[in-house]
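Using the sequences plus the hints, can you model the full thing?
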Amino acid sequence: MEFAPKIETVGLNLHYGDFHALQDVNIKIPAQNITAMIGPSGCGKSTLLRCFNRMNDLIEHTRVEGGIIIDEHDILKPEADLISIRRKVGMVFQRPNVFDLSIYNNLRFGLRIHRMLNKRDEVMEAIEHGLEHVGLWQELKDKLKKSALTLTLEQQQRLCIARVLILKPEIILLDEPCSALDPVSTLKIEDLLRVLKHEYTLVIVTHNMQQAARVSDYTGFMYLGKLIEFGNTKQVFTNPMEKLTENYISGRFG
Amino acid sequence: MRESFKKHIKGLNEDIVAMSEMVAAATIQSVKALEERDVKKAERIAKDDLLINEKRWKIEEECINLIALQQPVASDLREIIAALNVITELERMGDYAEGIAKIVVMLGDEPLIRPLIFMPKMAEKATDMLKRSMQAFISRDAKAATAICNEDDDIDKLYDEAYHDLLMRMIKDPEVISKATPLIWATHNLERIADRVTNICERTVFLATGTMPQVNVSRY
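If you read the sequences in order, they're chains B and P. Residue numbering for the first sequence follows this note's numbering, beginning at 8 and increasing consecutively. Residue numbering for the second sequence follows this note's numbering, beginning at 53 and increasing consecutively.
The hints are simulated quantities; they were obtained by calculation from the structure and are not laboratory data. These numbers come from a predicted model, not from an experiment. There may be inaccurate statements among the hints.
Said to hold, decoys possible - Among chain B residues calculated to face chain P with C-beta under 8 Å, some are:
1) 194
2) 198
3) 201
4) 217
5) 220
6) 221
7) 240
8) 241
9) 244
10) 245
Stated by the list, open to error - Here are the simulated lysine-lysine pairs, DSS-like style, with alpha carbons at most 27 Å apart:
11) 84/P <-> 99/P
12) 175/B <-> 153/B
13) 152/B <-> 195/B
14) 110/P <-> 250/B
15) 177/P <-> 92/P
16) 58/P <-> 204/B
17) 95/B <-> 195/B
18) 152/B <-> 126/B
19) 152/B <-> 175/B
20) 195/B <-> 59/P
21) 95/B <-> 175/B
22) 110/P <-> 59/P
23) 204/B <-> 62/P
24) 154/P <-> 183/P
25) 62/P <-> 195/B
26) 241/B <-> 58/P
27) 233/B <-> 84/B
28) 183/P <-> 110/P
29) 92/P <-> 173/P
30) 93/P <-> 183/P
31) 153/B <-> 195/B
32) 195/B <-> 58/P
33) 154/P <-> 92/P
34) 110/P <-> 154/P
35) 154/P <-> 209/P
36) 241/B <-> 84/P
37) 204/B <-> 59/P
38) 59/P <-> 241/B
39) 173/P <-> 195/P
40) 204/B <-> 95/B
Don't be surprised by glycine CBs; every beta carbon is placed ideally from N, CA and C.
Given below as structure tokens:
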């Protein structure tokens, strides 16, 4: 695979106390593609994802070794600016985590924190653009003052994605973004991800292998903290190189 | 919904139509080569059959990818299974055209026992049926597909006439047997091509209605 990686880990090891959660992970994630991480529960896929914006810093007794290079900068270096990393690397979670605020204020929240855009019309423009991007503008443009909690789960998840997009990130991490959604909403979110990949680098963690197959361009299979196989999704799902991968994707274990 | 899946299916259908056009061209050209005694052209047709085979494997690979990556069910799944069947039919039709080309090569510059009468008509009719069967397949038109199946009788009739004519010549003059037999083979190949068009039409009826009809059974 020849591509300039957007994210690259070099000998990445992570310990939660005594537990060796990531073991010498070397992965290159291509820009403007969707990369899926799959593997059984506890294999380290979410831990790896959380490394990419240093969310693991929040967990006590975590020790990280190795390098995580994003655009040629090692984000594990002490001088790395955490705020700018988190702006550049947005994250969407399993359950839509909208705030108990209006739709408008949900979207404005991040702008305020990052001290971006103060003028009202600029904010409005960013909000319109964000909602347009996730296919919500037409539905919600007259309801921006309504509470975000009145939206359906799918709309809430779209709103969460819009909230990330507004901050103009380059990478979007998605941790099981559809597991709280019904199958139809899931397929709609997948269509949205396919649109977003033209502008952003997406990394999605999913326990739903079929989703990884449907939506991603590259797939990484993890098992017991190790990256077992990484490759083109077509190849991984039709002719994997590792027996372990084949056994997992064909449902023989996990 | 599932925009990307729809896009893949569209691409798949376009590939199948392109493959059918390759087969139709090979059929028409192989009969032309026989008519014009053009061994070079015949050799080229025989060689180009490899391209048809390659196209088939490419489409089959795409079908496997779609099944593995998109997990189609119900009519989406039937669609892909139908595609796999149709390309198998097309690939065999390509082999029949290649067979005619090989007969041309085998005959070399040996003069024909008579100018071709039935084969150009059969090739024209069979490829026209093929073209329309692809339209019916793409638009899931069961009615059109059934009607095309019935046209196979016309091809069978032409085959009967050709066979009878060649048989009479052989009875009259056993000397021509070695020249007439390859023409019977070539005619038979054309008859088989049309039969396989009816198989594609049956698939179309299945796709459109979910039932597998025994439409017009060919006499051969």
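Results of checking the hints against the structure:
For residue 194/B, the interface hint holds, since its Cβ comes within 8 Å of a Cβ in chain P; the closest pair sits about 5 Å apart. Below 8 Å, beta-carbon pairs count as interface contacts, and residue 198/B has one with chain P at about 5 Å; its hint therefore holds. Restraint check, residue 201/B versus chain P: the minimum CB separation of about 6 Å is within 8 Å; hint holds. Given the 8 Å rule on beta carbons, the hint for residue 217/B holds: about 5 Å separates it from the nearest Cβ of chain P.
Interface restraint check for residue 220/B: the shortest CB-CB distance to chain P comes to about 4 Å, inside 8 Å, so the restraint holds. At a threshold of 8 Å, the smallest CB-CB gap from residue 221/B to chain P is about 6 Å, leaving the interface hint in force. For residue 240/B, the interface hint holds, since its Cβ comes within 8 Å of a Cβ in chain P; the closest pair sits about 7 Å apart. With a least beta-carbon distance of about 5 Å to chain P, the hint placing residue 241/B at the interface is held under the 8 Å criterion.
Evaluation of the residue 244/B hint against chain P yields a held restraint, the C-beta minimum of about 5 Å falling below 8 Å. Taking 8 Å as the C-beta contact cut-off toward chain P, the hint placing residue 245/B at the interface holds, the least distance being around 5 Å. This hinted pair checks out: residue 84/P and residue 99/P have alpha carbons roughly 16 Å apart, not beyond 27 Å. Restraint check for residue 175/B and residue 153/B: satisfied, since their Cα atoms lie roughly 24 Å apart, inside the 27 Å limit.
Between residue 152/B and residue 195/B the alpha-carbon distance is near 25 Å, which keeps this suggested pair within the 27 Å criterion. Taking the CA atoms of residue 110/P and residue 250/B, the gap is near 25 Å; set against the 27 Å cutoff, the hint holds. For the given pair, residue 177/P sits about 25 Å from residue 92/P by alpha-carbon distance, which is consistent with the 27 Å threshold. A C-alpha spacing of about 19 Å is found between residue 58/P and residue 204/B, which places the hinted pair at or below 27 Å, so the restraint holds.
At roughly 25 Å between alpha-carbon atoms, residue 95/B and residue 195/B fall within 27 Å of each other, so this suggested pair holds. For the hint linking residue 152/B to residue 126/B, the alpha-carbon distance of about 18 Å falls within 27 Å, and the restraint holds. A C-alpha spacing of about 23 Å is found between residue 152/B and residue 175/B, which places the hinted pair at or below 27 Å, so the restraint holds. Annotation: proposed proximity of residue 195/B to residue 59/P holds, straight-line Cα distance about 15 Å (limit 27 Å).
Among the hinted pairs, residue 95/B with residue 175/B is consistent with the structure: their alpha-carbon atoms are about 7 Å apart, no more than 27 Å. A distance of roughly 17 Å separates the Cα atoms of residue 110/P and residue 59/P; the hinted pair therefore holds under the 27 Å criterion. The hinted pair formed by residue 204/B and residue 62/P meets the criterion: a straight-line CA distance of about 22 Å does not exceed 27 Å. Between the alpha carbons of residue 154/P and residue 183/P the distance comes to roughly 24 Å, so the proposed pair stays at or under 27 Å and holds.
Under the criterion of a C-alpha separation no larger than 27 Å, the hint pairing residue 62/P with residue 195/B is consistent with the structure, at around 19 Å. Restraint check: the Cα-Cα separation between residue 241/B and residue 58/P comes to about 18 Å, which is no more than 27 Å; the hinted pair holds. As the CA atoms of residue 233/B and residue 84/B are separated by approximately 23 Å, the hinted pair is consistent with the 27 Å bound. Annotation: proposed proximity of residue 183/P to residue 110/P holds, straight-line Cα distance about 21 Å (limit 27 Å).
Only pairs whose Cα atoms come within 27 Å are accepted, and residue 92/P paired with residue 173/P is accepted, the gap being roughly 23 Å. Distance check on the hinted pair: residue 93/P and residue 183/P sit about 23 Å apart at the alpha-carbon level, within 27 Å; holds. As the CA atoms of residue 153/B and residue 195/B are separated by approximately 23 Å, the hinted pair is consistent with the 27 Å bound. Restraint check for residue 195/B and residue 58/P: satisfied, since their Cα atoms lie roughly 13 Å apart, inside the 27 Å limit.
At most 27 Å may separate the alpha-carbon atoms for a hinted pair to count; residue 154/P and residue 92/P meet this at roughly 11 Å. Between the alpha carbons of residue 110/P and residue 154/P the distance comes to roughly 25 Å, so the proposed pair stays at or under 27 Å and holds. For the suggested pair residue 154/P and residue 209/P, the alpha carbons sit about 25 Å apart, so the restraint of at most 27 Å is met. For the hint linking residue 241/B to residue 84/P, the alpha-carbon distance of about 42 Å lies beyond 27 Å, and the restraint is violated.
The straight-line distance between the Cα atoms of residue 204/B and residue 59/P is roughly 17 Å, inside the 27 Å bound, and the hint therefore holds. Only pairs whose Cα atoms come within 27 Å are accepted, and residue 59/P paired with residue 241/B is accepted, the gap being roughly 17 Å. For the hint pairing residue 173/P with residue 195/P, the CA-to-CA distance comes to about 25 Å; that is within 27 Å, so the pair holds. For the hint pairing residue 204/B with residue 95/B, the CA-to-CA distance comes to about 15 Å; that is within 27 Å, so the pair holds.
Of the numbered hints given earlier, the model fails hint 36 alone.
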